[in-house]
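Take a look at the letters that make up each chain.
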Amino acid sequence: MRIVYPGMAERDILNAYRDLRTRLMQRTGGKQFVVLVSSLAPRMGSNTVAMNIAASIAFDEQHSALYIDCNLDAPQGAQLLHQKPRAGLNEYLVDGNVSAEQIVYESGIPRLSVLPVGTPRSTAVEYLASPRMAQLLDQLKAQAPRFIVIDVPPIEESVVARILAPLSDLAVLAVPFGMVSESQIMSGVDAVGSHRLAGLVFAY
Amino acid sequence: MDLIYIAEILRAVSVELRRYRRLFLVAVAVVAFAVLIFGAVSPKYYKTSVMLHADVTNIIAPLLAGRAEVTSIDRSEQARESIYTRRIITQVAQNAGLLSGDEPLEKVESVVAGLRNNIEVKAEGPNYFRMIYSNVDQETSFRVLNEVVDTFIRDAAERRRAESRSAYEFINEQVESYKRQLKMAEESLKEFKSTNIDGSEASVRQRIDTFRVKVEELAIQIDEAEERKRAVELQLREERRYLEGQGKVDEYHTRLAALQKQLDTLLLNYQETYPDVVAVREQIVELKKQAERDGADRPAYSSNTEVKNPLYEELRKRHAEAETDLRSLIMRKAATERLLEEERARAVRVAATQADLSELVRDYDVTREIYEEMLERKEKARLSMTLDIEGQGVSYRIQEPAVYPLKPAGLQLVHYAIIGPILGLLFPIGLVVAYVLFDPRIRIPSALLTSMPEEVELLAIVPAQDVPEEQAQRRRENKRSAIWLSLALAIYIAAVLLGSNGII
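Protein chains in written order, with the numbering used here: chain E, 1 to 204; chain P, 1001 to 1504.
Just so you know, these hints were derived from the structure itself, not from any lab. Accuracy of the hints is not assured; some may be wrong.
Stated by the list, open to error - Sample of chain P residues at the chain E side, in silico, Cβ under 10 Å:
#, residue
1, V1015
2, I1088
3, E1314
4, I1442
5, P1445
6, A1447
7, M1452
8, V1456
9, L1458
10, P1463
11, A1464
12, Q1465
13, D1466
14, P1468
Said to hold, decoys possible - Restraint-style ranges between C-beta atoms, simulated for each label pair:
#, chain 1, residue 1, chain 2, residue 2, range
15, P, R1022, E, P166, 37 to 47 Å
16, E, A100, P, L1437, 44 to 54 Å
17, E, P42, P, L1437, 20 to 30 Å
18, P, D1439, E, P166, 33 to 43 Å
19, P, L1489, E, S122, 53 to 63 Å
20, P, P1468, E, L81, 41 to 51 Å
21, E, S122, P, L1425, 33 to 43 Å
We put the beta carbon where it would ideally sit given N, CA and C, even for glycine.
All chains, please: the whole structure from these sequences, using the hints.
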């Protein structure tokens, strides 16, 4: 996985993400938003797209971004961190004593924070539906003005996308090359709600 | 289908090819080797060919020129039909030693079918055609083709002879039949003429005209004769009345003259008072009185007045003549009118038979014309037949004789060696293109745009990004593939070289 950065050699990739970021910002008129990023194809996560959206938001010195990793079965967020996080989303949802500040880490990229999954737990999906998750998002939004990118597992694989969709302002669905049929796209759009859907991202 | 769409298809194909690169390379190699092996093991055919020229001189066409249409024939088609007949094929097989004559029926069938399949007749221009025979054996190929050509030419010549003979026979038959028809027509015309002797319409009309003129003339003559007779009668009547009066007066005059003479004689001798003189004088007076009285009242006729009058005689003669003429004219007129009536009746009969006659005459004329022409053609046909029997009108000759085949026909191993890799590349690429186009999963962004509802936007198209580890792995893999590929290529080239030099 590669994270985009200004001045990288592959200009087409950089420009694609810059364009994507700009379009998302146009949707909300430049205001901070919570965007849910998921993939339409099973076993093809949306981590690259989600992380790069967050990274490209952070290009701008005016903005900061937070990447929330909700891939409970296959955590990815730790890749962005220098050391293994002590606590993550799972700890916060289970343990009432863990505060929002404790689980947000600075990444190596300026203005990009990461909220990792933490210790894997089999029952964690149910916790996501609890009011504490909504509370967490409210706290995070209140803490600092920043754009929040929630990375969820593929829609067909898990209900996480459906659970978290109502908590987000926008939704972006990744369409990996040669993996998804039209009907799968339509059911994915229904899952997140078409009014919330910002659009599709076709990824080669 | 715009350029962007095509570019996206190509990109999708290249992505898929990269994804299945190992399989792709294997497929290329397999197909290329398969083609090469096919080329190596497929049997080599040796082709022998002969070019034949057809002299298009049809016998029956000039014979029947202008009388009947003869369809023009495609010589190569005719040759093909002739060669493929079982008669010729079996003859060829026997002459070429493929059949000895006592093989089982299945064997004969298979040999015949094999020959039919491998003999090819190709038209090359209007009167030229090529016969080609291909066989796995050079010797057989050459021998069989020569046999085919020989048999064909012989058969054609025989057929041509038969054709000209049958043409002659046909013409001859026609001549005979027309002769019969002509005789029949003559007979019926003769019979008709003998039973219908009324003569022609024209002659009858002429006679009618003549008779009519004659009748008219006779009528005028009768009128004239009647008029003449009437005039003569009138004159005769006048003459008779005059004659009667003239007779009485003459009598008195004669008596008076006699008395006067007597008186004169008496007076010479006697005195006036002589009684005789007195008596004569009294007689004269008396006679004069009587003459005066009688000259007017007394009837004219006097039986004893036989007076000789030439005019009267002449008139009587004329009268008799006129009457005779008139009677004879009337008789003639009646006779002529009867003849005229007869002619009229005949005219009706002639008109009725005229139609029959003209039909018979027409039949006769037409038949005679054709018969005479046919007779002429028959002589020509006899000449053609003689020519053909002497073998001077053979219609096929060899334009380009067969050459002993030294190289097999068709594709050589080198060709297969070139085609192999091309097919090897095209085959998997074609499969991938078909896969990209027909698989319902989306590989083409513009297809995504067109198939989605409007509110679903396409935000971005993100190119593939290589992670450094992946790149390293790819490089290793490429190196391995290159080694395998060069190995395969080396084997391939070696196989081609060995194969084309006849070592394998």
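Status of each hint after checking the structure:
1. V1015: holds, 6 Å
2. I1088: For I1088(P), the interface hint is violated, since the closest Cβ of chain E sits about 63 Å away, which is over 10 Å.
3. E1314: At 151 Å from the nearest chain E Cβ, E1314(P) fails the 10 Å test, so the hint is violated.
4. I1442: This hint holds: I1442(P) lies near chain E, its Cβ roughly 6 Å from the closest one there, short of 10 Å.
5. P1445: Holds, about 5 Å.
6. A1447: holds, 9 Å
7. M1452: At 7 Å from the nearest chain E Cβ, M1452(P) passes the 10 Å test, so the hint holds.
8. V1456: holds, 6 Å
9. L1458: For L1458(P), the interface hint holds, since the closest Cβ of chain E sits about 5 Å away, which is under 10 Å.
10. P1463: holds, 5 Å
11. A1464: holds, 4 Å
12. Q1465: holds, 5 Å
13. D1466: holds, 8 Å
14. P1468: holds, 8 Å
15. R1022(P) - P166(E): 37 to 47 Å: holds, 45 Å
16. A100(E) - L1437(P): 44 to 54 Å: For L1437(P) against A100(E), whose Cβ atoms are near 51 Å apart, the range 44 to 54 Å holds.
17. P42(E) - L1437(P): 20 to 30 Å: Because 24 Å falls inside the window, the suggested range holds.
18. D1439(P) - P166(E): 33 to 43 Å: Holds, at about 34 Å.
19. L1489(P) - S122(E): 53 to 63 Å: holds, 54 Å
20. P1468(P) - L81(E): 41 to 51 Å: For L81(E) against P1468(P), whose Cβ atoms are near 19 Å apart, the range 41 to 51 Å is violated.
21. S122(E) - L1425(P): 33 to 43 Å: Violated, at about 51 Å.
Violated hints, in rising order: 2, 3, 20 and 21; the structure is consistent with all others.
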